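> Going line by line, the protein sequences match chains W and Y. Counting along the first sequence from 1, when you hit position 260 you're at 260 in our numbering, and nothing is skipped either side. Counting along the second sequence from 1, when you hit position 331 you're at 331 in our numbering, and nothing is skipped either side.
What you were told as hints is all true, and nothing was included just to trick you.
Each computed DSBU-like pair below joins lysine-lysine, with the alpha-carbon atoms no more than 30 Å apart: (1) Y:LYS417 to W:LYS139; (2) W:LYS139 to Y:LYS128; (3) Y:LYS436 to Y:LYS417; (4) Y:LYS99 to W:LYS139; (5) Y:LYS99 to W:LYS138; (6) W:LYS365 to Y:LYS138.
Hints are computed from structural coordinates only; laboratory data are not their basis. Bear in mind that the values here come from a model prediction, so they are computed numbers and not experimental data.
There are 2 protein chains.
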Amino acid sequence: MDFLTLSYSSNNHFKYQQIYEGIKENVLRGNLRAREKLPSKRQLAKELNVSINTIANAYDQLLAEGYIYTIERKGYFVESGTEFHTQGATLNQLPADLKETDVNKEDWVSLSHMSADISLFPFKEWMKCENKAVDNHKKELSELGHPQGPYKTRKTISRMIALSRGVVCEPEQIVIGAGSQLLIQQLMSIQDKKQIIAVENPGYSRFYRLLNKMGFYVKPIELDDKGIDIKEVASSKANYLFVTPSHQFPTGKIMPISRRIELLNWAVEEEGRYIVEDDYDSEFKYESDSIPSLQSLDRNQRVIYTGTFSKTLLPGTRISYMVLPPDLLREYRKHATDIMQFSNSLGLFTLHYFIENGSYSRHIKRMNHHYEMKRRLLIDQLYSKFKQEVYIEDIPAGLHFLARFKSDKTYEEVETKAKEEKLEIYTMRRFMLKEKKRMNNWIELVIGFANIDEEEIPEALDRLDRVIR
Amino acid sequence: MDFLTLSYSSNNHFKYQQIYEGIKENVLRGNLRAREKLPSKRQLAKELNVSINTIANAYDQLLAEGYIYTIERKGYFVESGTEFHTQGATLNQLPADLKETDVNKEDWVSLSHMSADISLFPFKEWMKCENKAVDNHKKELSELGHPQGPYKTRKTISRMIALSRGVVCEPEQIVIGAGSQLLIQQLMSIQDKKQIIAVENPGYSRFYRLLNKMGFYVKPIELDDKGIDIKEVASSKANYLFVTPSHQFPTGKIMPISRRIELLNWAVEEEGRYIVEDDYDSEFKYESDSIPSLQSLDRNQRVIYTGTFSKTLLPGTRISYMVLPPDLLREYRKHATDIMQFSNSLGLFTLHYFIENGSYSRHIKRMNHHYEMKRRLLIDQLYSKFKQEVYIEDIPAGLHFLARFKSDKTYEEVETKAKEEKLEIYTMRRFMLKEKKRMNNWIELVIGFANIDEEEIPEALDRLDRVIR
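Model the full structure from these sequences, guided by the hints.
Okay, structure coming up:
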């Protein structure tokens, strides 16, 4: 039978046989293509941890049988003519529509709100903390940890958000997870499907689809100048409310204290009402002090506070957390056997030391200056280029802002053209949870400034100009 | 208003005020308890990245107002008598039932199947690879990556499993995720809820509950001496079949080639039948060569192959993958906007280099020797201690085995007693998906040997003796 079964075992004859069979099978199935270069003997030997001789024997046999050929000083290649000589009808050749075209993003310019500038990230400090985590937590790292994440890290986070956001909680109330989306999914999966959930419109469409898919009735609510329309919330019969008061996503508005208090008052009017406060980028505030989090104002344990490290560490860090009020925590614990921690445990211990030794707050402080500089530069250049044809919601917070441009194009046209121009940017269409009348001759774009270099801005705006005109 | 709103902003007066207010509020709410030690001025200053003077001012004010007291050379402490003087009715004090009792696991002994021995893990090599990942992938690390994981890492995995397990696939077919559970959830969430799923009994109860909860009809199928009962599968009307052929979980049986072929034949009898092959610990095979994976034998693209790095790297690594046949991949891609990568991106690039430079296969080779030595030692000592009163399924694979002990106790009694004895061990009860008649006077335990030290074995067996007698 022709299949490749190299196990990491002891018998040398089998190893040679297995490598030989494996490559042959892959050639026959077309998985290794005609003229494709094989790894060098030295490299494959290293990778498989066998002797070079073993590989040499396998390659020699394949040469002898005509599956591969060799070019001096260049290496070994797959013979052509072998490619389609397969013995079965439905071998594993990947249909063309599923092939990934390797998008070379090198010459793209990004105005995405989802990126971060990691050029100043203190990788050395991070790795020092990682070393410390390894030295101090060998036992914990050899086991599956607490489903909510290590107590030590939860304690550090609870102290940090107490000081930075006024969030009052015990480490027990913190649930760490590999992203806000997963945490919300965990939280809502223990809820009765009869819940009605009010969300901001425009808003975070990924959450909207997730909750819909989970079987909840999700009601998009319009925003007024203070944020989510409290009257509409009241008449929606919702008992869950998802909001982004620190920096509304995507419009960037900061919810004033009066509306915050109205929301909290709404929550206590009836039993079982909860507010999910998504504080996704509150670390970045320019010029102004923060308005207190809803959770810090709440005297009735109706707020679920969520935060993330995706904006402050690396976008692919996958560490977020939520703070559960005691009643919900009790419910959550009942499902403990089905809950797992999906965040990397070494990363969680590393984070503990990174916060504890002050690296985290130093990094945030530095990034605040850096991002505010970029934000100002981008806004100034937008105004000087587009003049009367642009209006910017200039709110000194977060990593993105909303801008309106004079344009007769549809959102679809803008999106297609942006791809052609290799400009990564998102239009309001992505965040509209239900059809909204568009302002005449104006389009709205969500502009992220985190991952654009100062020198790239003129080029980005040239592309933007061609995209919207 | 009393809340703590320290933002990382510029105004020094506010900072002092915020720290003062924050600590005061936490004292009043009972969140900082009477006689609890506050962080030193130096430490808090470092953590918050403010001057020591700022902290000193805040502490002085709190001292003056009687919220805290100081003991020379010892530091600052919360005054007693402040603890319950709260101003609201329902402040955030955590109810006693939700408090985590800090289980000191130091004096526990573990025979858990979920742990790993990380004492030989080449952390230095891993960190070298991490450095390389940082140096070479700055751009990718500043963005949200491909939902299936970086192409580079998928390519490395696809080559590795081709050589080690005969799995034939393109990198496009690989979906990386933060655990097999999440991947299965993603895969099944795009399936029609009318699917009937056959699973092994005993088997992986977490998957069983997950699939049940997702709304599928899940049918536990008994095992015979070759593995899952093919006749029962055939009569179950299932179209999805979940199996662990390399090392049945938890019995440890290796499915012979004849049963594998029967399963594959079952899959092609009707359209839309799929087999999910969970190859969760196939890296560890002692004495014998591997039997080829189902996927490598499959000529009809009906097998979804899944693997994990939890057993070979660290249990909390959270990197798993599945290989989708083209038809399912096409379905999966349709939901791409709702799919995110939940594995840490830096870890995924690190893994790429770790495999490529041969560290991974070297580590597995070393661990195979190490684990086999432990396994033999443990089995020998079990036999010499329990003699006729133990029967062990001695299958040279994986990180656990099944053992039967003479005992009149119920599983509940054994589990309670194991906790008392501080012995981490799992009984068959955890893996029985439906009630099964128990063998008279025998109990079955799943014994993991990965995380027990050689010198600990006699103590572990003494405890085990007390647990089951």
